[in-house]
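Chains as they are written, first to last, in our numbering: chain P, 116 to 615; chain B, 1171 to 1516.
Take these hints with a grain of salt, some might be off.
[Stated by the list, open to error] Cut-off 25 Å, straight-line C-alpha distance, at most; resulting in silico cross-link-like pairs (BS3-like, lysine-lysine):
| # | chain 1 | residue 1 | chain 2 | residue 2 |
| --- | --- | --- | --- | --- |
| 1 | P | Lys449 | B | Lys1403 |
| 2 | P | Lys260 | P | Lys297 |
| 3 | P | Lys595 | P | Lys428 |
| 4 | P | Lys484 | P | Lys451 |
| 5 | B | Lys1332 | P | Lys484 |
| 6 | B | Lys1303 | P | Lys428 |
| 7 | P | Lys451 | B | Lys1303 |
| 8 | P | Lys449 | B | Lys1182 |
| 9 | P | Lys428 | B | Lys1182 |
| 10 | P | Lys260 | P | Lys241 |
| 11 | P | Lys496 | B | Lys1403 |
| 12 | B | Lys1403 | P | Lys441 |
| 13 | B | Lys1220 | P | Lys451 |
| 14 | P | Lys445 | B | Lys1182 |
| 15 | P | Lys496 | P | Lys451 |
| 16 | B | Lys1332 | P | Lys445 |
[Stated by the list, open to error] Stretch-level coverage of chain B by chain P, calculated; a stretch enters the list once three of its residues show a Cβ under 8 Å from a Cβ in chain P:
| # | stretch |
| --- | --- |
| 17 | 1390-1398 |
| 18 | 1413-1419 |
Please keep in mind that the hints were generated in silico from the structure rather than gathered at the bench. Glycine included, C-beta positions come from ideal geometry on N, C-alpha and C.
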Amino acid sequence: MRILLQNIHKHYGSVKANDGVTIMVEPGMIHGILGENGAGKSTLMKILAGYTQKTSGTILVDDFPVNYRSSAQASSLGIGMLYQDPLDFSSLSVLDNFMLGQMNGITKLLSLSFLGCGPAVHFRKKFEQIADHLNFSLQPDDSVKSLTIGERQQLEILRLLSQGTQILILDEPTTGISGIQKEILFNALRELASEGKSIILVSHKLEDVESLCNKVTVLRRGMVTGEMDKPFDTGRLLKMMFGSPPVSSSRLRVRSSTASGEDVLVMIRVSAPGERTGLRNCNIVIRQGEVVGLAGLEGSGQGVFLRIAAGLKIPSSGEVHLQGIKTNGKDYHKFKQMRVSFLPGSRLEGGLISGLSIAEHFALQDNRKGFFVRWTDAFEKAKKRIKSFRIMGTPESLVESLSGGNQQRLLLSFLPEDPIFLLLENPTRGLDIETAYWFWQHLHKYCENNTAIVFSSSELDEIFMAADRVLVFFDGIIIKDVKTSETDIHELAHAITGKT
Amino acid sequence: MRKFIRYFFGIKLTLIAAFSFTTLILLLSGASPFAAYYHIFKGSLGSWIKFAHVIAAWIPLTLCACGLLYTFRIGLWNIGVEGQMMMGSVFTTYALRLGIESHHPVLFLVLSFAAGLIGGGIWALIAGFLKTKGGVNEIFAGLGLNFVAQGIILWLIFGPWKRPGIASMSGTALFPPQLWMPYFSSIRLSPVALSLALIAVILTALMLRYTRIGLSLRAIGNNSHAAYLFGLKPGRYMLLAMIFAGGFAGLAGSIQVTGVYHRLLPAISSNYGYLALLVVMLANYNVWIVPAVALFFACLNVGSIQLPMMLRLDSSLSGVIQGALVLATLAVHAWQIRSKDKKWVN
Chain P
116 MRILLQNIHK HYGSVKANDG VTIMVEPGMI HGILGENGAG KSTLMKILAG
166 YTQKTSGTIL VDDFPVNYRS SAQASSLGIG MLYQDPLDFS SLSVLDNFML
216 GQMNGITKLL SLSFLGCGPA VHFRKKFEQI ADHLNFSLQP DDSVKSLTIG
266 ERQQLEILRL LSQGTQILIL DEPTTGISGI QKEILFNALR ELASEGKSII
316 LVSHKLEDVE SLCNKVTVLR RGMVTGEMDK PFDTGRLLKM MFGSPPVSSS
366 RLRVRSSTAS GEDVLVMIRV SAPGERTGLR NCNIVIRQGE VVGLAGLEGS
416 GQGVFLRIAA GLKIPSSGEV HLQGIKTNGK DYHKFKQMRV SFLPGSRLEG
466 GLISGLSIAE HFALQDNRKG FFVRWTDAFE KAKKRIKSFR IMGTPESLVE
516 SLSGGNQQRL LLSFLPEDPI FLLLENPTRG LDIETAYWFW QHLHKYCENN
566 TAIVFSSSEL DEIFMAADRV LVFFDGIIIK DVKTSETDIH ELAHAITGKT
Chain B
1171 MRKFIRYFFG IKLTLIAAFS FTTLILLLSG ASPFAAYYHI FKGSLGSWIK
1221 FAHVIAAWIP LTLCACGLLY TFRIGLWNIG VEGQMMMGSV FTTYALRLGI
1271 ESHHPVLFLV LSFAAGLIGG GIWALIAGFL KTKGGVNEIF AGLGLNFVAQ
1321 GIILWLIFGP WKRPGIASMS GTALFPPQLW MPYFSSIRLS PVALSLALIA
1371 VILTALMLRY TRIGLSLRAI GNNSHAAYLF GLKPGRYMLL AMIFAGGFAG
1421 LAGSIQVTGV YHRLLPAISS NYGYLALLVV MLANYNVWIV PAVALFFACL
1471 NVGSIQLPMM LRLDSSLSGV IQGALVLATL AVHAWQIRSK DKKWVN
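Use the sequences and the hints to build the structure in full.
So this is what it looks like as structure tokens:
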């Protein structure tokens, strides 16, 4: 089956997730789709799988234009997608999950309850046949609860294949699975491709794409920036993914003194679960007056790192020292007393309280003792901060009525006057460049008083602009720790995609 | 005042929906809806005596509703308010029994109120601890504790506190009149109870609007993660809110014993706790609207007592009206949100 995606657009309001993408997928090929976070890969694949609707464009299957509105219709055309989080029912057995969606109505119900008779036998045979063929070690009677992510992927692949999938889409399949499982998966994919099926592999890991794919299409900011056939030129792929390197003179800050300050945060062999990869065996020292950027694809451990450093998450092993004091097991409020501040990335879920006005947020922060709220003080403070942080709103405005940029500025205005350690998660996401610039000028003033700042960002440009030092996260590990003045965007891009 | 007008404008749809539903039920049961509504009205507001009955129902309803405002503010469904009220009346009865022979009845009356507060508070705290320490949903904890409280009352009435001679469902022996809360004999209404309820409304309004506790409850209720980042401890405030709710409910239980029945009854709480949940929801969690809605519910409750006599209808019709009102409120509310979303999408 040949698939042609022609001039696909997908708009979410003013955001263009896909902006005129054209891709041809040939049968028998393993086709890689590369790109950073937010490049539009997942959106494009969800459109192809019928999970979301395109705004405009055409999809041609074997040169016939098709128009489908659901993933069920897509799968009847032979298009199946393996999502990042496998869609299965954890309370059922492997075989039950395999059968679900392949039978209709009452037969499904009956055969589920009377395993061993009728269709169940037929499906068991079918299951074992395909599993054998692909070298999957999955047992039909295991419960899905006990499976690893890699095994759940195998189950999903088996189910898709037995439904007659000709085009198999895999979205970041190698995140969170072991090396052996990855080997099994890749061999199975190669086998399927040799039988004439098309495989589309969505990934940000260059290594995987280079070892598996015959052809690669790179997306950046919703558009195709290039295509390449095997053998691949890593340098050119990186350039397509990340654009041309920014002019290094755009650095906002040059550290005045090279003399290192005292240690603010020390982590020794810290590990913790969370996000998709967790954080593994992290050893790091953050010093006074330092601005450290955390690079890496989203969910590679930066969030876990920030939350451990803020006391919001307890590490499962290792030691955390804050200003020389061991802080394992202490909570965020203790950290807060030690003048550590954390700004979460999601504003309305994590940082602001919808239903409360700006003034009420300031009233909450007033940590003087007293039974009554000092409303006049809170309004005064709100007015002052609204002005100095250029927030479009009044003290009475409810925070959910503010625009994203204004919400972010409001969050920043909550930062204390004299922190020793600031932890910021994607602090300038959604801000225009001018505001981001203004924001960093404001933050750098803190550093003159020896405040250490650690922030995560998906924009390498921003890290080069604002940070003295950068830590690159990959699969829960810090694989690079380097001064921004001693590296360049290519080196970082390599590290982000897992190539050291 | 403008808030009131906007509120009543907002619930007009709800009222229309609820009354059409009830009218339908009445028609189906073969009664004249008009006559039924007339008798409910006459039975509740027809005379000063009847109005005094309405107020007697309004007092515990309002007290419980005030307490529930604290728990709703922080996002807890304190369905255990019924049991908290029962335990308030149990503790009150205990305190009063100690004072039967005493020469200082007023002292024991005051003590009994304190005991009621404590009883309700303890019962609420148990649910609160189960929620914050044990992770038990407060709805299940509350419901379970309601059954326990009911069991305790029955055990006391038929066991340790039974009437001399014969134990019966009509409750414990009457307390001597000096242990009754002072009341206007012409309309049998206690000014003390009425003032307690009014004070509760004003106190709650002030607490929620002007104190840090009120603000913190709202912050945690709206977003406990963010509130934690602001330095608040959600668990502690949940316990605090439960204490307030339990305390007010316990006070309502006290008033039922000292001011209304002068003894402990199996049905001492008269379902006012459950009813108060509906009152608060219908009042849109607004403290100033709670008294009005509570009055409306009290009228329905008292007025429908007339129905069996006048129309040979079951008095549970008021329950139908109240239930229909709440369902209609929720339905209209959901519909309004959906149409708003649709507008936004278009």
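Notebook entry, point to check: Does Lys451/P lie within 25 Å of Lys1220/B when you go C-alpha to C-alpha?
Noted result: 59 Å, violated
Next item on the list: Starting from Lys496/P, check that the Cα of Lys451/P is at most 25 Å away, please.
Entry: Between Lys496/P and Lys451/P the Cα gap is close to 21 Å, so the pair holds against 25 Å.
Next item on the list: Compare the distance between the alpha carbons of Lys1403/B and Lys441/P with 25 Å, and conclude whether the hinted pair is satisfied.
Entry: Satisfied, since the Cα-Cα distance of roughly 23 Å is no more than 25 Å.
Next item on the list: Mind checking the alpha carbons of Lys449/P and Lys1403/B for me, to see if they're no more than 25 Å apart?
Entry: 12 Å, holds
Notebook entry, point to check: Can the stretch 1390-1398 of chain B be counted as covered by chain P under the rule of three residues or more with Cβ-Cβ separation shorter than 8 Å?
Noted result: Holds, because 6 residues of the stretch 1390-1398 of chain B bring their Cβ atoms closer than 8 Å to Cβ atoms of chain P.
Note to self: Can you confirm whether the C-alpha distance between Lys428/P and Lys1182/B stays at or below 25 Å?
What the structure shows: Violated - the C-alpha atoms of Lys1182/B and Lys428/P are around 49 Å apart, more than 25 Å.
Notebook entry, point to check: Do three or more residues from the stretch 1413-1419 of chain B put their C-beta atoms closer than 8 Å to C-beta atoms of chain P?
Noted result: Since 0 is below three, the answer is violated.
Note to self: So if I understand the rule, the pair passes when the alpha-carbon distance is 25 Å or less; does Lys449/P with Lys1182/B pass?
What the structure shows: 50 Å, violated
Check: Going straight from one Cα to the other, do Lys260/P and Lys241/P come out at no more than 25 Å?
Finding: Within the cut-off at roughly 22 Å; holds.
Note to self: Next pair to validate is Lys1332/B with Lys445/P; report whether the Cα-Cα distance is within 25 Å.
What the structure shows: 54 Å, violated
Notebook entry, point to check: Regarding the pair Lys451/P and Lys1303/B, is the alpha-carbon distance no greater than 25 Å?
Noted result: 24 Å, holds
Notebook entry, point to check: Going straight from one Cα to the other, do Lys496/P and Lys1403/B come out at no more than 25 Å?
Noted result: Judged against 25 Å, a Cα distance of about 24 Å means the pair holds.
Of the numbered hints stated above, those contradicted by the structure are hints 5, 8, 9, 13, 14, 16 and 18, listed in ascending order.
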